[in-house]
Amino acid sequence: MDDGSPDGTGKLADEIAQKNPRLHVLHRKEKKGLGPAYIAGFRWGFENGYDQLVEMDADFSHHPRFLPTMLSLLNQYDFVMGSRYVAGGGTVNWGLVRKIISRGGSLYARLVLGAPIRDFTGGFNGWNRKVLETIQLETLEAGGYSFQIELKYRAFKKGFKFKEFPILFEDRRVGLSKMSSKIVIEALSLVPKMRFKNAFPSAIKELKKS
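Taking this note's numbering, the leading residue of the sequence shown gets 9, the next gets one more, and so forth.
Because the hints were derived from the structure by calculation, they are not lab data.
In this text, a Cβ means the ideal position worked out from N, Cα and C, and glycines have one as well.
One or more of the hints may lead you astray.
[Unchecked claim] Pairs of lysine-lysine residues, derived as PhoX-like cross-links and limited to a Cα-Cα distance of at most 25 Å, are as follows:
(1) Lys165 <-> Lys205
(2) Lys27 <-> Lys40
(3) Lys171 <-> Lys138
(4) Lys107 <-> Lys138
[Said to hold, decoys possible] FRET-style restraints, in silico, Cβ to Cβ:
(5) Lys166 <-> Glu23: 35 to 45 Å
(6) Gly57 <-> Pro14: 28 to 38 Å
(7) Gly112 <-> Ile24: 31 to 41 Å
(8) Ser197 <-> Leu31: 13 to 23 Å
(9) Gln84 <-> Pro14: 19 to 29 Å
(10) Glu178 <-> Arg30: 21 to 31 Å
(11) Pro124 <-> Glu23: 35 to 45 Å
(12) Ile24 <-> Pro76: 33 to 43 Å
The whole structure should be built from the sequences, with the hints applied where relevant.
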C-alpha cells in the first residue's frame, strides 16, 4: 500500500512487483490517514478473494519471520495480534518517550474500554475475512493510529476469538516515524467515545435523529 508517499517508495515497489508476481501495489494519490489506507487494502483483498489478511509495516519493523506463527494461529482464532506487551515480546532501539507513549496508549485503551488486549496500538495484525466484514469497515471513525484500537475493540465486542503472541518490534533504521501530537490527541479523545457509543447505543441513535 503506497499512501501517496513522497520519497519514491511507490515507484520502488512497482519495480519489485514487475519481477515478483506475488507482490501487488495499491496506490493512493492523497494521504488520507492510516485508517482509510488500511480499509482500501482490506477492500482490495475482498475483491481478489482472500480469506485471511495481514496488516504489517513494510520497513521490517514487523519482521516477516513472525508471519508463519501468525498465519498458523489464524487457522485457530478469528483475529491475531503480534504483541510487544505479552511475555516474550518487546521493542528494539526505542527511546524512553516512545515507550511511554506506546505502553501508555495501550494501557489507557485497555482500562477505558474494558477489553483484555495488551497491545491495542500495535499494527501487526491478522484477520479472518468474516471479522472485517462483520465490523462494518465503512463506519470506522479513526484515521490515525487509533484506527488499530477501534478495529480491535469492535472485533472484541462482536465476540470474535483472538490471540496475542509475542513479537519484537525493531525501530526503523531509515526515515522518520509518523507519530505526532495530533495522532496522540485523536486517540485520547476517540477512546472514551468508543466506550460511550457501546454503552449507550440507543442514545446515540436518538442524537443522530435529532
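Against the range 19 to 29 Å, how does the distance between the Cβ atoms of Gln84 and Pro14 compare: consistent or not? The hint (19 to 29 Å, Cβ to Cβ) is violated, given that Gln84 and Pro14 are roughly 41 Å apart.
Verify the proposed pairing of Lys107 with Lys138, using a straight-line Cα cut of 25 Å. violated, 33 Å
Could you tell me whether the CB distance from Pro124 to Glu23 stays inside 35 to 45 Å? Because 43 Å falls inside the window, the suggested range holds.
Does the hinted range 33 to 43 Å hold for Ile24 and Pro76 at CB? violated, 22 Å
28 to 38 Å as the expected CB spacing between Pro14 and Gly57, which holds or is violated: For Gly57 and Pro14 the Cβ distance comes to about 32 Å; the hint holds.
Run the distance test for Lys165 versus Lys205: straight-line Cα separation, threshold 25 Å. holds, 12 Å
Honestly, do Gly112 and Ile24 meet the 31 to 41 Å range at C-beta? Hint holds: Cβ distance 37 Å, inside 31 to 41 Å.
Is it true that the CA of Lys171 sits at most 25 Å from the CA of Lys138? holds, 16 Å
Taking 13 to 23 Å as the stated bounds, is the beta-carbon spacing between Ser197 and Leu31 within them? violated, 37 Å
Does Lys27 pair with Lys40 here, judged by a C-alpha cut-off of 25 Å? violated, 29 Å
Given the hint of 35 to 45 Å, is the C-beta distance from Lys166 to Glu23 inside that range or not? holds, 40 Å
When you take the CB atoms of Glu178 and Arg30, is the distance between them in 21 to 31 Å? At roughly 24 Å between Cβ atoms, Arg30 and Glu178 fall inside 21 to 31 Å, so the hint holds.
When the structure is compared with the earlier hints, violations turn up for hints 2, 4, 8, 9 and 12 and for no others.
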